[in-house]
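Peer 1: Each chain, written out:
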Amino acid sequence: KAGVTQTPRYLIKTRGQQVTLSCSPISGHRSVSWYQQTPGQGLQFLFEYFSETQRNKGNFPGRFSGRQFSNSRSEMNVSTLELGDSALYLCASSTQGARTNEKLFFGSGTQLSVL
Amino acid sequence: DQQVKQNSPSLSVQEGRISILNCDYTNSMFDYFLWYKKYPAEGPTFLISISSIKDKNEDGRFTVFLNKSAKHLSLHIVPSQPGDSAVYFCAASGPIGSGAGSYQLTFGKGTKLSVIP
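In the order they appear, the protein sequences are chains P and G. Start counting the first sequence at 37; every next residue gets the next number (this note's numbering). Start counting the second sequence at 229; every next residue gets the next number (this note's numbering).
To be clear, the hints were calculated from the coordinates, so they are not data collected in a lab. Hints are not guaranteed to be accurate.
Chain G side only, calculated, beta carbon under 7 angstroms to chain P, not exhaustive [to be verified]:
{"#": "1", "residue": "E270"}
{"#": "2", "residue": "P272"}
{"#": "3", "residue": "F274"}
{"#": "4", "residue": "Q332"}
{"#": "5", "residue": "K337"}
No farther apart than 35 angstroms at their CA atoms in a straight line, the calculated lysine-lysine pairs in the DSBU-like style are these [as the list claims (entries may be wrong)]:
{"#": "6", "chain 1": "G", "residue 1": "K340", "chain 2": "P", "residue 2": "K139"}
{"#": "7", "chain 1": "G", "residue 1": "K282", "chain 2": "P", "residue 2": "K139"}
{"#": "8", "chain 1": "P", "residue 1": "K93", "chain 2": "G", "residue 2": "K282"}
{"#": "9", "chain 1": "P", "residue 1": "K93", "chain 2": "G", "residue 2": "K296"}
{"#": "10", "chain 1": "G", "residue 1": "K299", "chain 2": "P", "residue 2": "K49"}
{"#": "11", "chain 1": "G", "residue 1": "K296", "chain 2": "P", "residue 2": "K139"}
{"#": "12", "chain 1": "P", "residue 1": "K93", "chain 2": "G", "residue 2": "K299"}
{"#": "13", "chain 1": "P", "residue 1": "K49", "chain 2": "G", "residue 2": "K282"}
{"#": "14", "chain 1": "P", "residue 1": "K139", "chain 2": "P", "residue 2": "K49"}
{"#": "15", "chain 1": "P", "residue 1": "K93", "chain 2": "P", "residue 2": "K139"}
{"#": "16", "chain 1": "G", "residue 1": "K233", "chain 2": "G", "residue 2": "K282"}
{"#": "17", "chain 1": "G", "residue 1": "K284", "chain 2": "P", "residue 2": "K93"}
{"#": "18", "chain 1": "G", "residue 1": "K265", "chain 2": "G", "residue 2": "K282"}
{"#": "19", "chain 1": "G", "residue 1": "K296", "chain 2": "G", "residue 2": "K282"}
{"#": "20", "chain 1": "G", "residue 1": "K340", "chain 2": "G", "residue 2": "K296"}
{"#": "21", "chain 1": "G", "residue 1": "K265", "chain 2": "G", "residue 2": "K296"}
{"#": "22", "chain 1": "G", "residue 1": "K340", "chain 2": "P", "residue 2": "K93"}
{"#": "23", "chain 1": "G", "residue 1": "K265", "chain 2": "P", "residue 2": "K49"}
{"#": "24", "chain 1": "G", "residue 1": "K299", "chain 2": "G", "residue 2": "K265"}
{"#": "25", "chain 1": "P", "residue 1": "K49", "chain 2": "G", "residue 2": "K233"}
{"#": "26", "chain 1": "G", "residue 1": "K233", "chain 2": "P", "residue 2": "K139"}
FRET-style restraints, in silico, Cβ to Cβ [claimed, not checked]:
{"#": "27", "chain 1": "P", "residue 1": "A38", "chain 2": "G", "residue 2": "G244", "range": "32 to 38 angstroms"}
{"#": "28", "chain 1": "P", "residue 1": "P75", "chain 2": "G", "residue 2": "Q309", "range": "21 to 27 angstroms"}
{"#": "29", "chain 1": "P", "residue 1": "Q132", "chain 2": "G", "residue 2": "K233", "range": "48 to 54 angstroms"}
{"#": "30", "chain 1": "G", "residue 1": "D283", "chain 2": "P", "residue 2": "T131", "range": "44 to 50 angstroms"}
{"#": "31", "chain 1": "G", "residue 1": "A269", "chain 2": "P", "residue 2": "S106", "range": "28 to 34 angstroms"}
{"#": "32", "chain 1": "P", "residue 1": "R109", "chain 2": "G", "residue 2": "Q242", "range": "27 to 33 angstroms"}
{"#": "33", "chain 1": "P", "residue 1": "I48", "chain 2": "G", "residue 2": "P237", "range": "26 to 32 angstroms"}
{"#": "34", "chain 1": "P", "residue 1": "S149", "chain 2": "G", "residue 2": "G244", "range": "36 to 42 angstroms"}
{"#": "35", "chain 1": "G", "residue 1": "G244", "chain 2": "P", "residue 2": "G52", "range": "51 to 57 angstroms"}
{"#": "36", "chain 1": "P", "residue 1": "T56", "chain 2": "G", "residue 2": "V306", "range": "41 to 47 angstroms"}
{"#": "37", "chain 1": "G", "residue 1": "E286", "chain 2": "P", "residue 2": "S115", "range": "45 to 51 angstroms"}
{"#": "38", "chain 1": "G", "residue 1": "Q242", "chain 2": "P", "residue 2": "Q54", "range": "45 to 51 angstroms"}
{"#": "39", "chain 1": "G", "residue 1": "E243", "chain 2": "P", "residue 2": "Q54", "range": "44 to 50 angstroms"}
{"#": "40", "chain 1": "G", "residue 1": "D259", "chain 2": "P", "residue 2": "I48", "range": "38 to 44 angstroms"}
Since the model is a prediction, treat every value here as computed from it, not as a measurement. Every residue gets a Cβ at the ideal spot worked out from N, C-alpha and C, and that includes glycine.
Please construct the entire structure, taking both the sequences and the accompanying hints into account.
Peer 2: Put into structure tokens, the structure is as follows:
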């Protein structure tokens, strides 16, 4: 069974641009969550999608958005990029989401650098 | 407001000795706790978990202890091996999300474990 696939692996953008990251979950997984990892901040929750609906959202500005397609693939978009958006963006999938006793399966992430 | 705290950014341990990684949480709504391990350039991978109704869970060399009254959990690795060198994230799950009845997994900032041969 293929794991969680994130594309692209690396991305370099300049301030003010926008970026779209893609995540293909494990087959059969309907929940996709996105996390931002920066040095010293750990993994911060962005949002979770389940069956094409945003089910939960973290404390990030509206510049960060996402969507999920009928095949459970998900995209995350960041508009008007800022230097502070440079981070590793991780996608995780599971069958039902972050419920009791269910673990998440993470992709390798997209390393975004904003210059 | 950091709800899951890992106060030690790094830890060095000799090979063969015990590694103890600590984690504190503040939200009493958390009812499930997990540890993830992360190598550079890879996503986190699940290591071990514990439900709030238990105080100990063991899986091979890894044991997680939960002290609900102190809102504290720890991960013990015995014996430590060089391949255990990684960043360890403590995570807590509970119905604290903004969505109706939805769970949210909250992570600590991680502890970088170095096992010295």
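Peer 1: For every hint, state whether the structure bears it out.
Peer 2: Hint check:
no.: 1; hint: E270; verdict: 5 angstroms, holds
no.: 2; hint: P272; verdict: 5 angstroms, holds
no.: 3; hint: F274; verdict: 4 angstroms, holds
no.: 4; hint: Q332; verdict: 5 angstroms, holds
no.: 5; hint: K337; verdict: 4 angstroms, holds
no.: 6; hint: G:K340 / P:K139; verdict: 21 angstroms, holds
no.: 7; hint: G:K282 / P:K139; verdict: 17 angstroms, holds
no.: 8; hint: P:K93 / G:K282; verdict: 29 angstroms, holds
no.: 9; hint: P:K93 / G:K296; verdict: 27 angstroms, holds
no.: 10; hint: G:K299 / P:K49; verdict: 42 angstroms, violated
no.: 11; hint: G:K296 / P:K139; verdict: 21 angstroms, holds
no.: 12; hint: P:K93 / G:K299; verdict: 25 angstroms, holds
no.: 13; hint: P:K49 / G:K282; verdict: 47 angstroms, violated
no.: 14; hint: P:K139 / P:K49; verdict: 32 angstroms, holds
no.: 15; hint: P:K93 / P:K139; verdict: 19 angstroms, holds
no.: 16; hint: G:K233 / G:K282; verdict: 20 angstroms, holds
no.: 17; hint: G:K284 / P:K93; verdict: 31 angstroms, holds
no.: 18; hint: G:K265 / G:K282; verdict: 22 angstroms, holds
no.: 19; hint: G:K296 / G:K282; verdict: 9 angstroms, holds
no.: 20; hint: G:K340 / G:K296; verdict: 25 angstroms, holds
no.: 21; hint: G:K265 / G:K296; verdict: 23 angstroms, holds
no.: 22; hint: G:K340 / P:K93; verdict: 28 angstroms, holds
no.: 23; hint: G:K265 / P:K49; verdict: 29 angstroms, holds
no.: 24; hint: G:K299 / G:K265; verdict: 21 angstroms, holds
no.: 25; hint: P:K49 / G:K233; verdict: 32 angstroms, holds
no.: 26; hint: G:K233 / P:K139; verdict: 20 angstroms, holds
no.: 27; hint: P:A38 / G:G244: 32 to 38 angstroms; verdict: 37 angstroms, holds
no.: 28; hint: P:P75 / G:Q309: 21 to 27 angstroms; verdict: 26 angstroms, holds
no.: 29; hint: P:Q132 / G:K233: 48 to 54 angstroms; verdict: 27 angstroms, violated
no.: 30; hint: G:D283 / P:T131: 44 to 50 angstroms; verdict: 28 angstroms, violated
no.: 31; hint: G:A269 / P:S106: 28 to 34 angstroms; verdict: 31 angstroms, holds
no.: 32; hint: P:R109 / G:Q242: 27 to 33 angstroms; verdict: 45 angstroms, violated
no.: 33; hint: P:I48 / G:P237: 26 to 32 angstroms; verdict: 28 angstroms, holds
no.: 34; hint: P:S149 / G:G244: 36 to 42 angstroms; verdict: 40 angstroms, holds
no.: 35; hint: G:G244 / P:G52: 51 to 57 angstroms; verdict: 53 angstroms, holds
no.: 36; hint: P:T56 / G:V306: 41 to 47 angstroms; verdict: 45 angstroms, holds
no.: 37; hint: G:E286 / P:S115: 45 to 51 angstroms; verdict: 47 angstroms, holds
no.: 38; hint: G:Q242 / P:Q54: 45 to 51 angstroms; verdict: 49 angstroms, holds
no.: 39; hint: G:E243 / P:Q54: 44 to 50 angstroms; verdict: 47 angstroms, holds
no.: 40; hint: G:D259 / P:I48: 38 to 44 angstroms; verdict: 41 angstroms, holds
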